[in-house]
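K.L.:
Sequence:
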Amino acid sequence: MPELPEVEVTRRSVAAAVEGACITAAALGKPLRWPLGCDPDELMGRTIGALVRRGKYIWMPLSAPADRAPAGPGGLLWHLGMSGSLGWHARLPEAGPHDHFDLHTTRGALRLHDPRRFGAVVWAAGLDHEPAATLLSRLGPEPFDATLTPERFWQSLRRRRVAIKPLLLSGDIVVGAGNIYACEALFHAGIDPRLRADRISRARAERLLAEVRATLARALALGGSTLRDFKDAHGMDGAYQGQAAVYGREGQECLRCARPVRRMVQGQRSTFYCAACQRR
DNA sequence: CGGGACGCCTGTGAGC
DNA sequence: TGCTCACAGGCGTCCC
1 MPELPEVEVT RRSVAAAVEG ACITAAALGK PLRWPLGCDP DELMGRTIGA
51 LVRRGKYIWM PLSAPADRAP AGPGGLLWHL GMSGSLGWHA RLPEAGPHDH
101 FDLHTTRGAL RLHDPRRFGA VVWAAGLDHE PAATLLSRLG PEPFDATLTP
151 ERFWQSLRRR RVAIKPLLLS GDIVVGAGNI YACEALFHAG IDPRLRADRI
201 SRARAERLLA EVRATLARAL ALGGSTLRDF KDAHGMDGAY QGQAAVYGRE
251 GQECLRCARP VRRMVQGQRS TFYCAACQRR
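Numbering of the first sequence is given in my numbering, commencing with residue 1 and proceeding in unit increments.
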């Protein structure tokens, strides 16, 4: 589910509720992608700091517990996987079959709902401690990082021979665009998803970076995409899905040229595109 | 190292 | 109605 816009929507909708709250209990459901990495009781008595997003991860810093001197500060690294969402509850309903982690605080409770369980909540002593450090070290630059210039973006593309679509998905060159937004950005940039990255001109690379940014920014402004069940922490749906030009529109008219939108498979993922508007 | 396939899970919708 | 199959927003791991 969640690509960068959905994760950022989640971060923002959770932040105001939890920052400054103190953890009173934590409860685990079925196993997630990785184990929590600590005893849930170790989380008690810690105060939640400012939430930070990196790629599709959310880092929740936690103070050292006031009542346990030996325990140092740390934090929880959250990932929503393919089907995860976070919900904030003033009063927590009984857990359903897909609720796998509850964080009770002095102000209310944060619950991870994740039917497919590709998501995770992992303890780390800091962003520079394992396992957070390794997980985050693999990530490419943030899309809105000012140091990600068109030149730097193009130079990264020039070193890779893969098709541009799966390369965008990999997050090696820029993080944040998953299957929906990679398809959308390539459509808006007029680039064939099969075009090898090292064959993209400097001018087209600049256009692509601009469209990745514009696509992610637009989705963020619309609250993300709700395909099946994504909601923000207060249960609000996103609205971008109704704006998609190609994603999920196989057989329907291209909004630009009216020819049918096509679907193909690249790296075991669906790619939606317009054969006329997107060129090699 | 780069590139590609696989697997982790559960649910849903289409087709028979 | 009930079965089977394809497919779904991600990403770490393994193999060549």
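No lab work stands behind these hints: they were computed from the structure. Glycine is no exception: its CB is placed at the ideal position from the N, C-alpha and C atoms. Be careful, since some hints might not be right.
Stated by the list, open to error - No farther apart than 16 Å at their CA atoms in a straight line, the calculated lysine to aspartate or glutamate pairs in the EDC-like style are these:
(1) Lys30 with Glu94
(2) Lys30 with Asp102
(3) Lys231 with Glu8
(4) Lys231 with Asp99
(5) Lys30 with Asp99
To be verified - Quick list of the computed label-pair ranges, beta carbon to beta carbon:
(6) Gly242 with Ser270: 30 to 40 Å
(7) Gly267 with Ala66: 27 to 37 Å
(8) Gly126 with Gln252: 44 to 54 Å
(9) Arg33 with Asp229: 17 to 27 Å
(10) Ala27 with Gly72: 43 to 53 Å
(11) Leu28 with Glu130: 12 to 22 Å
(12) Glu253 with Glu19: 21 to 31 Å
K.L.:
State for each hint whether it applies.
P.N.:
Hint check:
no., hint, result
1, Lys30 with Glu94, "holds (15 Å)"
2, Lys30 with Asp102, "holds (12 Å)"
3, Lys231 with Glu8, "holds (12 Å)"
4, Lys231 with Asp99, "holds (14 Å)"
5, Lys30 with Asp99, "holds (8 Å)"
6, Gly242 with Ser270: 30 to 40 Å, "violated (19 Å)"
7, Gly267 with Ala66: 27 to 37 Å, "violated (48 Å)"
8, Gly126 with Gln252: 44 to 54 Å, "holds (48 Å)"
9, Arg33 with Asp229: 17 to 27 Å, "holds (18 Å)"
10, Ala27 with Gly72: 43 to 53 Å, "violated (23 Å)"
11, Leu28 with Glu130: 12 to 22 Å, "holds (20 Å)"
12, Glu253 with Glu19: 21 to 31 Å, "violated (46 Å)"
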